[in-house]
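Student: Line order of the protein sequences matches chains V and U. Take the first sequence: its position 87, counted from the start at 1, is 87 in full-length UniProt numbering, and no numbers get skipped. Take the second sequence: its position 281, counted from the start at 1, is 281 in full-length UniProt numbering, and no numbers get skipped.
For the record, the hints were derived by calculation from the structure and aren't laboratory data. Each hint should be verified, as a subset may be incorrect.
Using 27 Å as the maximum straight-line C-alpha spacing, the simulated DSSO-like pairs for lysine-lysine come out as follows [what the hints assert, rightly or not]:
(1) U:3 with V:202
(2) U:197 with U:155
(3) V:44 with U:35
(4) U:107 with U:410
(5) U:298 with U:323
(6) U:323 with U:154
(7) U:128 with V:44
(8) U:323 with U:379
(9) V:44 with U:74
(10) U:410 with U:442
(11) V:44 with U:323
Quantities reported herein were computed from a predicted structural model and do not represent experimental measurements.
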Amino acid sequence: MSTVTNTTTISSIGAPNRRNTELVLLLFAVLVPVLAYANVGLAKDGSVPGGLLGYGLGLGLLAGVAHLMVRRFAPYADPLMLPIATLLNGLGLVFIYRLDLEPAVTTRGLGGPKAPGQLLWSALAVAVFIGILVLLKDHRILQRYTYISGAVALVLLIAPVFFPAINGSKLWIVIPGLGSIQPGEFAKIILAVFFAGYLMVKRDALALASRRFLGLYWPRGRDLGPILAIWALSMMILVLEDDLGSTLLYFGLFVVMLYVATERTSWVVFGLLLASGGATAVGMTSGHVKVRIQNWLDPFAGIAQHGATEAAQVLWSFGSGGVLGSGLGQGFSRLIGGIGVKSDYILATVGEELGLAGLMAVLLLYGLLIERGVRTALAARDPFGKLLAIGLSSAMALQVFVVAGGVTGLIPLTGMTMPFLAQGGSSVVANWALVAILLRISDTARRPAPAPASSPDAEPTQVVRL
Amino acid sequence: MNKPLRRVAIFCGLLVFALLLRDNWVQFVQADSLKNNPHNRRVMMEEYAQPRGDIIVDGKPVTGSTTVSGSDFKYKRTYTAGPMWAPVTGFASQAFGSNSLENIEDKILTGQDDRLFFNRTIDMITGKKQQGGDVVTTLNAKAQAAAFNGLGSKKGAVAAIDPQTGKILALVSTPSYDPSTIAGMSKQDTANWTNLKPNDPDSVMIDKALRQTYPPGSTFKVVTAAAALENNLYSNVDQPTNSPLPYTLPNTTTELKNEGNIPCQNATLRAALQYSCNTVFGKIGADLGKDKMLAQAKKFGFDQTIDTPVRAVASNFPTSMDKPQTALSSIGQFDTAATPLQMAMVAAAVANDGKLMQPYMVDQLRAPNLNVIEQTQPKEFSQAMSPATAQKLQQMMETVVQDGTGTMAKIDGVTVGGKTGTAQHGLNNSALPYAWFISYAKTAQGSPVAVAAVVEDGNANRDDISGGGLAAPIAKSVMEAVLNK
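Please build the complete structure, drawing on both the sequences and the hints.
Tutor: What follows is the structure, given as structure tokens:
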């Protein structure tokens, strides 16, 4: 525990709070999407879209209020995360609006225009973000809810089984009249809370009470039990729900957090063994997954017989964009068709219209956001905060990798949404909440420690920095 | 806990790095092949994103473009007098691809041709949309109309060329189709396409003037006569040919018959062509042998495809046959088969004193700014025969029109030479014969036009089908159109 403070990279005393940096960055984060929005209108109709002012003000207001709340409630928080989240969210809205202008993918059957709804969800998400900053005074409070979190996560994961499948995956809870929510997006945060709380308590047992076998330290069965059970259960549920992407995400999250908590490489080996075993089993049995793997191996197979697959259309989108892209509003990613073009495949539109240059920039934004999260974990002074921060950041990293890798054909495609960018209410709310928790941890981490008491009487009782 | 944290940081960095690498692979290394994948709809959308250039006849476009709403493809091809020009233009369809000139000159018409690179760059800089170039054809609108109207509702084809240059003046195939009806991608277009039966060997979409070979019948006797004179079998067209009547095919007991009771015994070449004596020309073929006949036929263009640049299928003169088959082939029967274009080339070679010009239908390719980027120069296809032989054949063919089977093609004040043909075909010649006529007109400045017309008339009375009766008037009206009569 004592090593923690000594290797903290951020000097805790006298650190500038960087709120003004955040404000300047936020200006860009609002300006860039507003200009992009104008660009779409100019490219499509030759005129600045009528909703520009409303959109600009809306986004500006959201960012402004969020910034003021951060200033007030988390003054020492990381200055990059809010602007990056705002920029990605704003760009996402622009891309959804841009795709709404294509009648082929905005039919009534596909739910009509999605941008207005997404803007509402974004507002709600920022409200949740602010709510967390205001109400969650210290992230360690979450530690108290370790086992409740475990239970809630389980319920969230199981619930969609009882609702009808949408687009082949059982990921949604449908509330009649209100729409549907995707509990898996929230489950990733709550699972991270559970793992963090549980591992913080058990890490010594898991790390030290182990047997040496094959040159590695292996955990005892009794330490392994509960976590293995949760893992097996979530895997099972997810296989039942036919959603490989989330399974990968939760499992990856679990392995990363175990490794960080115990500092044992054996966990990584153990995890990889379980993962490859699970993946093989699912790949052999699930028809849904089999098809996806075939499409990944040869996206252009059978085009002459039954037309191009979505995977092929997505690749053509990327290829047609080339290095510099076709320009906003001038690509043909609508050819991908269906409902996925605004959610799962939104990166294809980014790639086609902004090109290699634009997509790399977007990927680097994600990279930056993730690394700021990891840095928060390094800076955090308490093990729970460290574990929670690394859990949330690596969840984000894995999700970005699984989605972007799937869409670009690096790995088989699995249905998940790109954080902030993709259309989807649950996703945007959950990711803003995730950023709020990270900001709370970083605020705690970067907050100057209380000055040592000056009274000589207090000399024997030093402040212990955790 | 920080050591594993740093490793996780590196791991997360590697994940993002892998994504960046993959993105570079897809959007840079593979970009071109993905972009130009034939199944990538953008390829065709690009093609139809601006109006196509036009195909031009006599200074006027016979094609056009119109915008379509609610489609991926913005512009759709239109055709003026589509059925008449279809054998020349072919079709360009949003749904079904293209053929003929529309296909061969596609890059010029869409503006994608490398030679238009400079224009494209200027357009890109000035913010203009890419424009397509034009294809200027050699065709003669009046001659085309004369041929099209002459064929009318009959099934057949006409090819006319300028013997002195090889310019194709008319290219008609009937019944025809209107390529406008299949230019789009609507349900109606699809239904029209299906109705045209594009894969049927008898489809109206086949350009019979270039793509259909017919037994040429007696019109082939011109080739046989050329071979006889070139090989000095006879030196004079008015010298008796020493041919018997009846004539029995060599090595057989089969008698070769003439059509009707005509004076063919020991006839002169002139008379034999005038009356169309099978016996005389059959014997000539047998006497010359297959090698000499084949050599002469090849000089006229048989047994090879001819690119105009639209490819004409190879006309056939059999390469391996025995003596009686050689005799039959020499009167345009057995396996001899020729496209209308091929027979027009035969007439053209005779009319142009033996020098056969390469037939072509694209005169110029023009950039959108009207700069000529390619001009076709007439070029010699072959010296099909000596000028002396050609002049003798001209005398013979002019006699045919003056006093023989081709009198229907006479034009006042113009020298016309021709040859009729009534080609028997089918099992035991059971099918209705094809009526052929090949001819040329000659003025003081040389010959401006040579025509081949073929009519397959399913409704005619069998005995009425003759080259002189059905095909000659069509050839005549085409020649008149070119001569401005």
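Student: Now tell me if each hint is right for this structure.
Tutor: Here is how each hint holds up against the structure:
1. The straight-line distance between the Cα atoms of residue 3 (chain U) and residue 202 (chain V) is roughly 19 Å, inside the 27 Å bound, and the hint therefore holds.
2. Among the hinted pairs, residue 197 (chain U) with residue 155 (chain U) is consistent with the structure: their alpha-carbon atoms are about 17 Å apart, no more than 27 Å.
3. Annotation: proposed proximity of residue 44 (chain V) to residue 35 (chain U) holds, straight-line Cα distance about 22 Å (limit 27 Å).
4. Between residue 107 (chain U) and residue 410 (chain U), the direct Cα distance comes to roughly 44 Å. Violation of the 27 Å bound is thereby established for this hinted pair.
5. Our distance criterion of 27 Å between C-alpha atoms is met by residue 298 (chain U) and residue 323 (chain U), whose separation comes to about 19 Å.
6. Between residue 323 (chain U) and residue 154 (chain U) the CA atoms are separated by roughly 37 Å; this puts the pair beyond 27 Å, and the hint is violated.
7. Among the hinted pairs, residue 128 (chain U) with residue 44 (chain V) is consistent with the structure: their alpha-carbon atoms are about 16 Å apart, no more than 27 Å.
8. The hinted pair formed by residue 323 (chain U) and residue 379 (chain U) fails the criterion: a straight-line CA distance of about 36 Å is larger than 27 Å.
9. At roughly 15 Å between alpha-carbon atoms, residue 44 (chain V) and residue 74 (chain U) fall within 27 Å of each other, so this suggested pair holds.
10. Taken as a hint, the residue 410 (chain U) and residue 442 (chain U) pair is honoured in the structure, with Cα atoms around 12 Å apart against an allowance of 27 Å.
11. Straight-line distance between C-alpha atoms of residue 44 (chain V) and residue 323 (chain U) comes to about 75 Å, which puts the hinted pair past the 27 Å bound.
Against the hints set out earlier in the document, violations occur for numbers 4, 6, 8, 11.
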